[in-house]
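**Student:** Sequence:
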Amino acid sequence: MNAEIPSSGQKLLVCLGRTCRRYNSQQVFNNFQQNLPPDTELVPVGCLGQCGNGPMVLVESDMTAECGYAQALEFKSRERLTWYWQVHPQEVEIIIKQHLIDKCPVKAMLYPKFHH
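Add 29 to a position in the sequence shown, counting from 1, and you land on the number used in the numbering used here.
Any given hint might turn out to be false.
Stated by the list, open to error - Computed list of lysine-lysine pairs in DSSO-like fashion (alpha-carbon distance at most 30 Å, straight line): (1) 132 - 142; (2) 40 - 136; (3) 40 - 126; (4) 136 - 126; (5) 142 - 40; (6) 126 - 142; (7) 40 - 132.
Quick caveat, the hints were computed from the structure, so don't treat them as lab data.
Kindly generate the complete structure, drawing on both the sequences and the hints.
**Tutor:** As structure tokens, this is what we get:
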């Protein structure tokens, strides 16, 4: 019998590339690691290809948010990808609570290149 908690399909990617590390992405990653919901996979990545705009955090999820604006967000691809930019270590808590737990993106922190 598998005693693991079923996955919600959420995956959180944190850029640990050289440019993002200059802006404290390692601490962002550590903060996520310490407080991550059990149904979310945390993945360190070498680069998300958005150098100079980080720290970058990408949430891959099958999000069915109840918040009013979530369905109005424009996503660059057909997948449910949510991009956060310039994420500071102290902002990790709000991403965890509002996005990963409550399933509602943090509108003020969305990367404008991919979300209008």
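**Student:** All hints, please: hold or fail.
**Tutor:** Quick rundown of the hints versus the structure:
no.: 1; hint: 132 - 142; result: holds (21 Å)
no.: 2; hint: 40 - 136; result: holds (19 Å)
no.: 3; hint: 40 - 126; result: holds (15 Å)
no.: 4; hint: 136 - 126; result: holds (13 Å)
no.: 5; hint: 142 - 40; result: holds (21 Å)
no.: 6; hint: 126 - 142; result: holds (24 Å)
no.: 7; hint: 40 - 132; result: holds (13 Å)
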